[in-house]
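Number of protein chains: 2
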Amino acid sequence: MALRDARVTLAHGGGGRAMRDLIEEVFTSVFAPPGMEDQARLSAAALAAPGARLAFTTDSYVVTPIEFPGGDIGKIAVCGTVNDLAVGGATPLWLSAAFIIEEGTEIALLRRIVATMAREAEAAGVRIVTGDTKVVGRGACDGVFVTTAGVGVIAPGCEMAAACVRPGDVAIVNGVLGDHGATILAARGDLALATELESDCAALGHLMADLRAAAPGTRAARDLTRGGLASALNEIAGAAGCGIVIEEAALPLRAEVVGMCEILGLDPLYLANEGRLVAFVPEAEAEAALAALRARPEGAGACIVGRAVAEHAGQVRMRTAFGGSRIVDMLVGEQLPRIC
Amino acid sequence: MALRDARVTLAHGGGGRAMRDLIEEVFTSVFAPPGMEDQARLSAAALAAPGARLAFTTDSYVVTPIEFPGGDIGKIAVCGTVNDLAVGGATPLWLSAAFIIEEGTEIALLRRIVATMAREAEAAGVRIVTGDTKVVGRGACDGVFVTTAGVGVIAPGCEMAAACVRPGDVAIVNGVLGDHGATILAARGDLALATELESDCAALGHLMADLRAAAPGTRAARDLTRGGLASALNEIAGAAGCGIVIEEAALPLRAEVVGMCEILGLDPLYLANEGRLVAFVPEAEAEAALAALRARPEGAGACIVGRAVAEHAGQVRMRTAFGGSRIVDMLVGEQLPRIC
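Protein chains in written order, with UniProt numbering: chain A, 1 to 340; chain B, 1 to 340.
These are computed hints drawn from the structure, not numbers from a lab. Backbone N, C-alpha and C define an ideal beta-carbon position, used for all residues, glycine too. Any given hint could be a false lead.
If you anchor each label on the Cβ, the simulated ranges turn out as follows [as the list claims (entries may be wrong)]:
id	chain 1	residue 1	chain 2	residue 2	range
1	A	Glu24	B	Ala192	15 to 25 Å
2	A	Asp267	B	Asp267	53 to 63 Å
3	A	Gly125	B	Asp329	35 to 45 Å
4	B	Gly323	A	Gly139	40 to 50 Å
5	B	Leu3	A	Asp267	20 to 30 Å
6	B	Pro156	A	Pro252	45 to 55 Å
7	B	Asp190	A	Gly125	48 to 58 Å
8	A	Ala163	B	Glu122	24 to 34 Å
9	B	Ala288	A	Ala163	47 to 57 Å
In silico negatives: residues of chain A with every beta carbon more than 10 Å from chain B [stated by the list, open to error]:
id	residue
10	Pro50
11	Thr91
12	Ile107
13	Glu196
14	Arg222
15	Cys261
16	Pro282
17	Ala291
18	Arg294
With the sequences and hints as input, model every part of the structure.
Right under this line is the structure:
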C-alpha cells in the first residue's frame, strides 16, 4: 500500500507519483478498466450490426449530502447515466467516470463511493472503462463531484423518442414518486424531519429491456430526475405535439412524501427521482407492459398515471381527485438545488 | 430571447423552465447536437469495419484562471479530450460536455466558453453531441468546471501503446515545452510576472493522423499534460520495460520559460502542456515523422529529444549539457494545482 494518507492533498492531483498511487489504489484497482492506456479501447462488435447506432450521454453529479439513505453520489452517477441510455432504447455498455475532489476529502469516502459505483455497474451490466481525477483546493468545490458519460448500442429498428408518442398512448410509471427528492431534503438535516424514507435510486437498464421485449411498441420513456414527473411530461407533450392528461388519484405517492410536501409547500409532481421513469405505450400493450415492469423489484409499483390525448397539444393537465382539472406546467424557478 | 439574466442562478439548475432556457440559448443553440433526446444517437458506420475498436476517454477540467492568454477552460476541455484519443491512435469523432457552474457566474462567460468549444471542435473535426449542466450555490465550486468525454474509432491494425516502445526508438516532441504551465502561472497574477507567453493549448488530432501516415511504425504517443514530459516518459519507460535517455541540450525550451522556472525553483521537464506530445518512432521513420510534424503549425517546432535504450529499464535519464547524467523521476508532490 503506497497510499498512506487519510485525506486527499493537492499532490494527489499533480500528475506525479501521488496521483498515480491514488488512481491505482482507489480507482483502477476497483474498476479494473481494460488495458493500461489513458483511453479505453473497446470492441466495436456490439455496434457492428447493420443499422445499429451508438448512444452517448453524460451527466455531472453534485448531490449533497454525498451519502444519503439509499445511496451515495456514486450510485446516482452510475444509475443516472445507465438510465439516460436505457430510456432512449439503448443497451448501456460502457461508462467513464471523472472525479473532481476537494483537498481534504477522506480517502475512505472515496473508497466507499468507488465501491458503490463498481457494485452498481456490475448489477447494471455495464463496465466503468476509463476515468479521471482532479483535485482542487479547499473551498474550490464541495467534497466530491462525479461526471459519468455512457456509451450504449441502439438495436436496428428501435425508434423510441418523445416525438413518437400518439394520442391514446398510456403513461406508465414504475413506482412511487418523489422518494429521492424527499430523502435528500430530509438528509440535509436543516428541516429536522425524522423519516424512514430512502432514495429510489436504481439502475433501470434491465427494466427497460424487459419493457421493450413485452411492449415492443413502446413509444418513449423518460427517467424522472430534476423537475420530476411534471417536467418529463411537459417535455414529452412538447416534442410529441399532443396533450397529456394525468389522474391525481392514480399518482403513486407515499403518505410520508405527501405530508412532507404539504409542510414545505412543495408539489410532489416536481420532486426528483433517480430510479423512476415514465413510459408511453400503445393502449393494446399496456397490460403486457405493466406485467413486465411489475416482475422486477425496481418496477414492482408500476401503474398507469395518465394518457396522451389529441386535445390541448403541448400541455399537461391533471384531473384532480375532486373532479376538476388543472394545468401542470414546467417547473418555474428552483425547487431544490443539488438533488443529483 | 427568453434568457434575460446576466448571471446564473440556482433556478438555472432546477430542471424547469429556467434550466431549459439556459441550455437552449447558451449551449445547444451553439453546439447543435443531433436530435432532441437527452442522449446522442450516432451512426455506428465508422466503427463497422471488421476489427475497428472504439476509443473512449474522459477528463475533468478545473483550470484557474478560467480564461488565460491563448485559451480558456473550454479550449482545454475540447483539445485535451481530442488529444487523449489521438495519441492513442484513435480518430476522434464525438464529444460530450458537462458543465458544473457556480451560482453567480456571468452568462457572458459561459457564452465565450461555449463559443471556444464549438470553434475548437469544428477545427478538430469532432462534434459535441451531448451534454449536461448543473448549478451549485455560491462557494460550492470555483466558477465553471467542464468535463468532456470523447469517443473515437481505432482503425483495424493500429496497435499504438506505451508497451510497444523498443530500444532504439526515437523520442520526438512537437514543439517547445512548458508554455502552458508557465502561462497559467503568470496569469494567476500573484507572482507579478509580466510575460508575452501564451498557452500551447491545441488539438493534435490532425497532427497525429499525419504522423501515423508518414511513420506507420509509430509505437506510442502521449500528450504532455500534468507532470509534463518527465511524467509521460516515466510512464512509457515503465510500461515498455526499457530505459529512456533524453538530451538536455536538445530540449526545446523558451528562454522565458527557463528563466521563470529558475526564479521559482521549478523544473521545466515537469511543466504542463496542453498542445504537446511525445511520440516514439522507429529510427528508420524518424526523418519522415519529423517532416510530417513540421508541416503543420502545431508541429512546427518538432525535434528529437532522446531515445529508448536497453539499459536502466523503467528509468528515464537525462544527459546534461555538461556531459553528466541524472535520473529524471516522476513528479513527487505537487508542482502547480489546477493547471488543466
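Outcome of range test on Cβ distance (Gly125 (chain A), Asp329 (chain B); 35 to 45 Å):
42 Å, holds
Any Cβ of chain B at or closer than 10 Å to Pro50 (chain A), or is the non-interface label fine?
Incorrect as stated: the minimum Cβ-Cβ distance to chain B is 8 Å, not above 10 Å.
Are Asp190 (chain B) and Gly125 (chain A) spaced within 48 to 58 Å by their CB atoms?
49 Å Cβ-Cβ, so the 48 to 58 Å window holds.
Verify that the Cβ of Glu196 (chain A) lies farther than 10 Å from every Cβ atom of chain B, and report whether the claim holds or is violated.
26 Å, holds
For the pair Pro156 (chain B) and Pro252 (chain A), does the Cβ-Cβ distance stay inside 45 to 55 Å?
51 Å, holds
Taking the closest pair, is the beta carbon of Arg294 (chain A) still more than 10 Å from chain B?
Given a closest Cβ separation of 26 Å, the condition holds.
Does the Cβ-Cβ separation between Leu3 (chain B) and Asp267 (chain A) fall within 20 to 30 Å?
25 Å, holds
10 Å cut-off, C-beta based - Ile107 (chain A) kept clear of every residue in chain B:
16 Å, holds
Return holds or violated for the Cβ distance of Asp267 (chain A) and Asp267 (chain B) against the range 53 to 63 Å.
Holds, since Asp267 (chain A) and Asp267 (chain B) (Cβ atoms, about 59 Å apart) stay within the stated range.
At 10 Å, judged by beta carbons, does Pro282 (chain A) keep clear of chain B as stated?
Non-interface label stands for Pro282 (chain A): nearest chain B Cβ at 20 Å, farther than 10 Å.
Range agreement (Cβ of Glu122 (chain B) with Cβ of Ala163 (chain A), hint 24 to 34 Å):
28 Å Cβ-Cβ, so the 24 to 34 Å window holds.
Could you say whether the range 15 to 25 Å given as a hint is met by the Cβ separation of Glu24 (chain A) and Ala192 (chain B)?
Distance hint for Glu24 (chain A), Ala192 (chain B) is violated at roughly 39 Å.
Comparing the model with each numbered hint stated earlier shows that hints 1, 10, 14 do not hold.
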